[in-house]
Amino acid sequence: MTGYASIFVQAAFIENLALSFFLGMCMFLAVSRRMETAFGLGLAVLVVQTITVPVNNLINGYLLAEGALAWAGLPDVDLSFLALLSFIGVIAAMVQIVEMVIERYLPAMHQRLGIYLPLVTVNCAILGGSLFMVDRKYDLPESVTYGLGTGFGWLLAILLLAGIREKLKYSDIPKGLQGTGIAFVVVGLISLGFLGFKGITVG
Amino acid sequence: MRVVTRPAPHIRDAFNLAAALRWQLIALAPCVAMALYNTGLQANLTLERLKLEVAPGWRGDVIQALGVGLDPLSFVAAVIHGALYFLPILITVGVTGAFWSWAFATARHRPPGQGLAVLVLLFALVLPPALPLWQAALGISFGLVVGREIFGGIGKNVLNPVLVGVAFLYVTYPAQMTIESSWVMVDAFSEPTYLSLGALQRPEALAWVATPWELSFLGLVPGAFGTTSTVACILGAGVLLYTRTASARVITGVLLGMVLTSILSNNLPGDAYFSLSFHWHLTLGSFAFGAVFLATDQTTSAMTDTGRWIYGFLIGALVVLFRVANGHHPDGVMFAILMGNIAAPLIDSLVVRANIRRRARRHVD
Numbered sequence: 001m002t003g004y005a006s007i008f009v010q011a012a013f014i015e016n017l018a019l020s021f022f023l024g025m026c027m028f029l030a031v032s033r034r035m036e037t038a039f040g041l042g043l044a045v046l047v048v049q050t051i052t053v054p055v056n057n058l059i060n061g062y063l064l065a066e067g068a069l070a071w072a073g074l075p076d077v078d079l080s081f082l083a084l085l086s087f088i089g090v091i092a093a094m095v096q097i098v099e100m101v102i103e104r105y106l107p108a109m110h111q112r113l114g115i116y117l118p119l120v121t122v123n124c125a126i127l128g129g130s131l132f133m134v135d136r137k138y139d140l141p142e143s144v145t146y147g148l149g150t151g152f153g154w155l156l157a158i159l160l161l162a163g164i165r166e167k168l169k170y171s172d173i174p175k176g177l178q179g180t181g182i183a184f185v186v187v188g189l190i191s192l193g194f195l196g197f198k199g200i201t202v203g
Numbered sequence: 001m002r003v004v005t006r007p008a009p010h011i012r013d014a015f016n017l018a019a020a021l022r023w024q025l026i027a028l029a030p031c032v033a034m035a036l037y038n039t040g041l042q043a044n045l046t047l048e049r050l051k052l053e054v055a056p057g058w059r060g061d062v063i064q065a066l067g068v069g070l071d072p073l074s075f076v077a078a079v080i081h082g083a084l085y086f087l088p089i090l091i092t093v094g095v096t097g098a099f100w101s102w103a104f105a106t107a108r109h110r111p112p113g114q115g116l117a118v119l120v121l122l123f124a125l126v127l128p129p130a131l132p133l134w135q136a137a138l139g140i141s142f143g144l145v146v147g148r149e150i151f152g153g154i155g156k157n158v159l160n161p162v163l164v165g166v167a168f169l170y171v172t173y174p175a176q177m178t179i180e181s182s183w184v185m186v187d188a189f190s191e192p193t194y195l196s197l198g199a200l201q202r203p204e205a206l207a208w209v210a211t212p213w214e215l216s217f218l219g220l221v222p223g224a225f226g227t228t229s230t231v232a233c234i235l236g237a238g239v240l241l242y243t244r245t246a247s248a249r250v251i252t253g254v255l256l257g258m259v260l261t262s263i264l265s266n267n268l269p270g271d272a273y274f275s276l277s278f279h280w281h282l283t284l285g286s287f288a289f290g291a292v293f294l295a296t297d298q299t300t301s302a303m304t305d306t307g308r309w310i311y312g313f314l315i316g317a318l319v320v321l322f323r324v325a326n327g328h329h330p331d332g333v334m335f336a337i338l339m340g341n342i343a344a345p346l347i348d349s350l351v352v353r354a355n356i357r358r359r360a361r362r363h364v365d
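Quick note, the sequences are listed as chains A and B, same order. Under my numbering, the first residue of the first sequence is numbered 1, with each subsequent residue one higher. Under my numbering, the first residue of the second sequence is numbered 1, with each subsequent residue one higher.
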């Protein structure tokens with residue numbers, strides 16, 4: 001159990017994709033002006049991340065990795081050069097499927113996430129999560145935890161940024177730094193605060 | 001009549017920004033006194049332990065010229081030796097801070113910002129005594145410019161500039177901010193001293209030097225300049241709470257969070273730090289100082305009443321978490337309060353939203 005807790009804490013806080021690896025920055029900065037939109041996008045990332053990382057884990061484990069096709073009688077085939085391409089394809093496909101399912105069964109949620117779901121396809125935090133998963137050789141339950149952790153971490157990070165950016169309207173920022181400029185500085189400072197988590201061990 | 005509108009805050013009351021800052025300065029007086037006395041006391045104790053007759057460097061020359069000696073039992077000797085450590089840092093931080101304040105006020109055509117004295121004093125008090133002066137200058141530069149001035153000066157910043165500067169120094173020069181070398185007063189002395197072990201403030205070290213808790217409560221232990229004494233912080237808290245400069249909700253929240261989380265950690269298996277009880281967490285490191293002077297900053301703490309409880313609790317819990325589960329930051333207080341500052345706008349926003357929803361439900365029909 002501590003193994004999963006450790007993966008979750010590491011993914012959400014210590015190695016937060018947005019604040020430690022600076023992945024998904026374009027959307028992180030563009031959609032964090034208001035709390036509602038930030039929450040919508042963050043939730044979409046959380047949902048898609050939790051689905052795509054395990055799915056990519058299965059695809060990598062049974063189709064792409066070296067010797068993964070042994071079940072089909074092809075133990076010498078190594079398709080891992082296709083990983084990047086297949087992961088992006090899987091992400092795009094999963095996003096479409098998730099969108100259709102949500103639209104059919106959870107219309108209220110679709111109203112909320114609708115416009116963000118297609119955006120998530122090109123969010124590098126999603127692809128980054130899958131690539132880290134392969135790099136660290138997670139198994140299926142671990143990759144579910146990892147997907148959940150990174151998604152939660154990204155959601156938390158964008159909410160924190162949106163909270164601060166809403167408060168910034170009371171500030172008196174120099175002209176050249178207004179808007180995205182100060183957002184970059186704030187992201188850096190949030191990231192500085194998150195360094196407090198660095199070195200935490202669970203279990 | 002010609003009315004000149006000055007920039008916000010437009011408080012028309014005897015209790016305005018200037019008064020709040022004045023009370024903060026008064027509340028900091030006990031901590032400054034301890035910075036002068038305790039730093040000198042610890043230095044003199046170390047020299048006595050090492051059986052040295054002369055303090056190293058230029059400080060030894062000054063002490064000899066003044067003829068006060070290095071007797072640890074002498075109050076005057078301790079205060080003078082302490083001042084020789086504290087004043088250079090305070091002056092460096094003050095001059096650097098004044099320069100940036102002036103530079104931004106001039107370049108942006110704004111009236112010079114208030115609150116520099118409080119900021120400079122707070123920043124100097126949380127630094128370790130043997131920090132190189134140029135690092136102190138760098139720290140206050142980063143804290144003041146990136147933490148406050150580019151947001152428009154006092155009252156318009158999001159994060160406490162003291163914490164931004166200190167966190168910057170922690171991350172950039174961990175050797176000088178945390179480990180032994182910055183606390184040892186004698187060059188090239190490598191054997192662990194009372195000072196170096198106390199600086200790390202791990203319970204093992206405390207067990208080794210067998211520091212009684214009362215000594216730690218009074219603050220007569222090695223540590224940053226002004227943060228060792230819980231008594232001095234309690235005096236300061238009294239002033240701040242009586243004048244309502246600081247929020248009692250924040251301070252109580254921090255204490256509650258710390259006590260509950262440390263009780264939780266005491267019941268978990270782990271190393272010596274897990275079993276550290278809450279009265280030690282209270283006096284160790286800069287916990288009391290942070291809870292009273294840094295977490296309660298009016299600009300960067302949460303603004304709503306419920307939010308202040310949550311904000312305080314979060315800080316207290318994070319301090320224990322960082323101390324117990326994290327080998328990187330022996331103290332953890334600065335990062336915990338910085339995280340609290342980062343989360344404060346989100347906490348406020350959630351509290352306000354919850355309130356709106358609650359009141360809307362009351363008027364459904």
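These aren't lab readings, by the way, just hints derived from the structure by calculation. Hints may be right or wrong, so weigh each one.
[Stated by the list, open to error] Partner residues are not named here, just some residues of chain A that face chain B (Cβ under 8 Å, in silico):
1. 115
2. 119
3. 131
4. 134
5. 168
6. 173
7. 185
8. 189
9. 190
No experiment lies behind these values; they were computed from the predicted model shown. C-beta atoms are modelled at their ideal positions from N, C-alpha and C, and glycine is treated no differently.
Checked hints:
1. For residue 115 of chain A, the interface hint is violated, the least distance from its beta-carbon to any beta-carbon of chain B being 21 Å, above 8 Å.
2. Restraint check, residue 119 of chain A versus chain B: the minimum CB separation of about 22 Å is more than 8 Å; hint violated.
3. Below 8 Å, beta-carbon pairs count as interface contacts, and residue 131 of chain A has none with chain B, the closest being about 27 Å; its hint is therefore violated.
4. Of the supplied interface hints, the one on residue 134 of chain A is violated, with its beta-carbon coming no nearer than about 28 Å to a beta-carbon of chain B, more than 8 Å.
5. Against a cut-off of 8 Å between C-beta atoms, the interface hint on residue 168 of chain A holds, since the closest Cβ of chain B lies about 7 Å away.
6. A cut of 8 Å between beta carbons decides the hint on residue 173 of chain A: the least distance to chain B is about 6 Å, and the hint holds.
7. Interface restraint check: residue 185 of chain A against chain B, minimum CB-CB distance 7 Å, threshold 8 Å, status holds.
8. Below 8 Å, beta-carbon pairs count as interface contacts, and residue 189 of chain A has one with chain B at about 6 Å; its hint therefore holds.
9. With 8 Å as the threshold, the beta carbon of residue 190 of chain A comes within range of chain B, its nearest partner Cβ sitting at about 5 Å, so the hint holds.
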